[in-house]
Amino acid sequence: MTEAEPVLRLQDLKVHYPVRLGHGFGKSMLRAVDGVSLDIGRGECLGLVGESGCGKSSLAQAVMGLVPVSSGRIALNGREDWGADRLARARMVQMVFQDPFSSLNPRQSIGQSLGGPLKLHGVTNRSEREDRVATMLRKVGLNPDAAGRHPHEFSGGQRQRIAIARALIVEPQLVVCDEPVSALDVSIRAQIINLLLELKDELGVALLMISHDLGVVEHMSDRIAVMYLGRIVEEGDWRKIFTAPAHPYTRTLIASIPDPARPDAGWERLRGEAPSALAPPAGCAFHPRCAQAFGACRAGGVPEFTGLADDHRARCHLLTEGASR
Amino acid sequence: MLKLLARPNLATGGAIVLIAILVAVFAPLIAPHDPITDANLMFAETAPDADFLMGTDEQGRDIFSRIVYGARIALTIGLLVELMNTIIGVALGVSAGYFGGWWDEFVQGLTNVMLAVPTIVFALALMAVLGPGILSLLIALGMTDWAYSCRISRAQVLTMKSRPFVQAARTMGYGPVHIMARELLPNIAGPLVVVATMGIGSAIMAEASLSFLGLGVVPPAPSWGSMLARAREQLIVAPWVAVFPGLAIFFTVLGFNLLGDGLRDLLDPQGRSKR
Chain A
1 MTEAEPVLRL QDLKVHYPVR LGHGFGKSML RAVDGVSLDI GRGECLGLVG ESGCGKSSLA
61 QAVMGLVPVS SGRIALNGRE DWGADRLARA RMVQMVFQDP FSSLNPRQSI GQSLGGPLKL
121 HGVTNRSERE DRVATMLRKV GLNPDAAGRH PHEFSGGQRQ RIAIARALIV EPQLVVCDEP
181 VSALDVSIRA QIINLLLELK DELGVALLMI SHDLGVVEHM SDRIAVMYLG RIVEEGDWRK
241 IFTAPAHPYT RTLIASIPDP ARPDAGWERL RGEAPSALAP PAGCAFHPRC AQAFGACRAG
301 GVPEFTGLAD DHRARCHLLT EGASR
Chain B
1 MLKLLARPNL ATGGAIVLIA ILVAVFAPLI APHDPITDAN LMFAETAPDA DFLMGTDEQG
61 RDIFSRIVYG ARIALTIGLL VELMNTIIGV ALGVSAGYFG GWWDEFVQGL TNVMLAVPTI
121 VFALALMAVL GPGILSLLIA LGMTDWAYSC RISRAQVLTM KSRPFVQAAR TMGYGPVHIM
181 ARELLPNIAG PLVVVATMGI GSAIMAEASL SFLGLGVVPP APSWGSMLAR AREQLIVAPW
241 VAVFPGLAIF FTVLGFNLLG DGLRDLLDPQ GRSKR
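As they're listed, the protein sequences go chains A and B.
If you read the first sequence in the UniProt record's numbering, its first letter stands for residue 1, the second for the next number, and so on.
If you read the second sequence in the UniProt record's numbering, its first letter stands for residue 1, the second for the next number, and so on.
Isolated chain B, as found in the complex (with noise of 0.2 angstroms):
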């Protein structure tokens, strides 16, 4: 414990990054009302009190149990994304770095067009193509940030493959599969998994910024990025509408930043000091 508290980014980070995650597996104990169904305009915008924690939207819902289900679609959405990025920039950035010559040329350049567009202009562009819903959300986002894995990976693997294991192994006879995936993977998986672990932060507010345009998740689900939406027209009447589900947002992709951060300095030590 005392050693989690030499690392504040760690412990915090963890801290409401394990919150996130119980309230998402523990919805329907923790959450009070049906999230969609218990609707009842008599108590349409309702302030924060005792029976409603936070307040009621338009339409007479809790927003507390709204919010409290929504950590199951941002998490999921977040981490699925985060998942097909990973596999996606790894892949190619491993493969990149080992073989060199012209796909390694053309994986960089395909990286430099991912990073030029912004990725959300991207998810956009894909989510005009494919429509609005989950799956296509998580075809569109997982498939336009898996630039700084790639970046990484191959970086790291042009440092490593030179080294004697490495060498030692194409020597034994393996094959570049065993050799990218055994020998070379799990030794640069430290930086990749602080990567991926920004990475579901950044995945949570490309799955608010899209449901909040619309075309992400489709109301009546509640995801935090509709719910904000939704709450634009009545901020000045129903502040608390607008208010909560936005502290959801500013609170997850803040926990699972800071615990990115807090697994950099545990993995890099050197690091630690330039910071």
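If we strip away everything but chain A, and leave its shape as in the complex, we get (with noise of 0.2 angstroms):
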């Protein structure tokens, strides 16, 4: 394991599952995930960004192990099979999920939630255990005192906190993020945001956030990648993504973020609904809802990335044949 080796390499990985047709005969495969490369550095926050639907999600269970890999592969931290050893893989990558109200085990204390992972890999000592659970509620920012109460007692941003201090509490080096605001009250969505970012830079996790909204993770990601119906469209530095997107899906989706400070660049709003992802469109799968389709894009197949700076580069016939248009 070398300082460069990245806490989580996808090569190619696919998710597909096989699902049974409305009328009953025969089935089909559903392309969750299709063909997606991805690597996150140590400590770094790479934002994953798309509509409903596009598989982001289905990624992020397969990256936790909780979905069968259909091919490609996933390497944390250099390791790509992991057996029987559920433990190691745990302290290797954590989830926190999208809804604060069904994360949680009713049933137990927050002590007991925090405490029982604990336990599981190896801290015996009771009184250690209860040290590292008030440590952990307090890097959350919340009192000590909520190991003896139950989930129903707090509020969702108060269980989103919860979950996060879960999460971190076996000290992974990668924390999976999958929708964590979008549950909340707007007003509580930032301080989330925040905390995410502090306990970041503190701790030197990596994070794979993952958000239908453009929005929420342009202020945390160090990288961003943008997905639609199974592939990555477009993935690099956030300030490029943000100030030079090259994909007309990506355009669409920054003009959707409602900012009265943001000039208006004259982009297309987002229009129609994301095909299914049963039977995507065939070239490229954005060019029906694309405003700038031409011929390539319905018959020059599914477009190869094309590299525009060191660390930027986007999926589209516009930026290889776009030019001698």
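Do not rely on the hints blindly, as some may be mistaken.
Unchecked claim - Straight-line alpha carbon distances no greater than 30 angstroms define the calculated DSS-like cross-link-like pairs of lysine-lysine that follow: (1) B:161 / A:14; (2) A:139 / A:200; (3) A:200 / A:119; (4) A:27 / B:161; (5) A:240 / A:200; (6) A:240 / A:14; (7) A:14 / A:200; (8) B:161 / A:119; (9) A:27 / A:14.
Source of the hints: derived by calculation from the structure; they are not laboratory data.
Got two chains here, separate frames each, mind docking them using the hints?
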């Protein structure tokens, strides 16, 4: 394991689900994640953005080992095969779920929810466990006496803090946050985002921040990957994504962030709904909704990545053939 | 107390069950005569009076005392049988729901077989093999009536296992046994308590039936079912010999059913309006 080894490396990851068609005959493949390659470095925050149904949650579940991988590779710290070593894998990567109301066991006190994992991971001394639970609760901005209470006694924002504390208590190197603020009140969101940022800087943990809202990941991501129908369509340093988005889809996403301070660049707003991942459009999957679509988008196959800068690439026919149009 | 009055099922059922339990526990203090040895043919088939509150049977034994001691047998067998049924049903149902696949198919098939054959017929067949007696009665009834708790725990696990807190436990590295016992079971316990409570009632009923048929508790032990069986022949001459054990069975089973009903209303407030 070298210093340059990324915390998470996905290579051509595919997650396909067999789906029984409505009329009961035959099965079809739902290509939730269809060939995603990504790296997340140490202490880095990658924002993964896309509409509902684009496969970002399936990607998160595959990284967590909750759904089977159809093909491709997931390497955590360079290691692919964790076999029966689920405890070591758990200390590598943890997850914060979207809904804080169902991500904590309602029958367990907060102390049990946080202390149990410590016991599982070899902290046998009871008072040491209690100390670490109290420290972690303080870190996420809660009073340590929360340990004696149950989840129903807390608000959504507090529960999400608890869920974050649980994810961090085994000191993972990567935390996958699947829409961690979308179930919360707008007034609470900024607090949780700031908390995640502080913890990232303090603990040096890497984050995979998944959201349907580019505005949420804007403030915290070092890099951003935009996902559409199972594929990454644009990826790069966050400044480049926001100042010079190359893919028309990214532009529509940026245009949809309500922000009076942002100058209207005249980018198209997003129209229509995402096509079904059961029958993705031929060519570039975005072409039916793209204002700039031309012949190659329909007939030219799936566009390959075009490198735009050191750390900025996008999949769009406009970038390769658009110039010659 | 007012809250209890607003839930008549829970209150009545709870009261009957409580009385039955108290009677069973304090049987020696309540019963005026010994249920087995106090036989005196001089008093055979005496109608109810001040000394024999519910009359005597054909051997002159006090029926009231026999019913009081019979509560011990009925409740002990009811509780033990339902405990066995619940353990078997929950273990099969929870594991089937959690693991799915061939194990789920197998358990479901087994459950369907158990549901297709009436419990009492199954128990009769087992009793025929094992021979009469309390131990074989326990085994026969304890292994045949788990289909409902199995079905219900499986269904509950299916809805519960995709909850994020279960997924969180998996990503934390917990094994399947921990997840089933500590994450899933405490969260599905409510409906299971209801099923188990009603199951005690039907187990008491089944015990009485088997004893009535002469396969369960062997005389002279005071089982309500075998008391009924012996009373059959004197139904016209001495109706009290049959009536009181029958009432004891009726009220005890009713009590457990009402209690189960009341608990369901208590645990599942949404379901109340539908009934």
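Notebook entry, point to check: Does the alpha-carbon distance linking residue 200 (chain A) and residue 119 (chain A) stay inside the 30 angstroms limit?
Noted result: holds, 24 angstroms
Margin query: Tell me if the straight-line CA distance from residue 161 (chain B) to residue 119 (chain A) falls inside 30 angstroms.
Written below: OK: residue 161 (chain B) and residue 119 (chain A) at ~23 angstroms, within 30 angstroms.
Notebook entry, point to check: Going straight from one Cα to the other, do residue 139 (chain A) and residue 200 (chain A) come out at no more than 30 angstroms?
Noted result: holds, 12 angstroms
Notebook entry, point to check: Between residue 14 (chain A) and residue 200 (chain A), does the CA-CA distance stay at or below 30 angstroms?
Noted result: Status holds; Cα separation ~28 angstroms.
Check: Does the alpha-carbon distance linking residue 161 (chain B) and residue 14 (chain A) stay inside the 30 angstroms limit?
Finding: Between residue 161 (chain B) and residue 14 (chain A) the Cα gap is close to 24 angstroms, so the pair holds against 30 angstroms.
Next item on the list: Verify the proposed pairing of residue 240 (chain A) with residue 14 (chain A), using a straight-line Cα cut of 30 angstroms.
Entry: Within the cut-off at roughly 27 angstroms; holds.
Next item on the list: For the pair supplied as a hint, residue 27 (chain A) and residue 14 (chain A), confirm whether the alpha-carbon distance does not exceed 30 angstroms.
Entry: Holds - the C-alpha atoms of residue 14 (chain A) and residue 27 (chain A) are around 18 angstroms apart, at most 30 angstroms.
Next item on the list: Given the hint that residue 27 (chain A) pairs with residue 161 (chain B), test it: the Cα-Cα distance must not exceed 30 angstroms.
Entry: At roughly 25 angstroms apart (the allowed maximum being 30 angstroms), residue 161 (chain B) and residue 27 (chain A) satisfy the hint.
Checklist line | Given pair status - residue 200 (chain A), residue 240 (chain A), alpha carbons within 30 angstroms | finding: Distance of about 22 angstroms is within 30 angstroms: holds.
The structure fails none of the hints (numbered hints given earlier).
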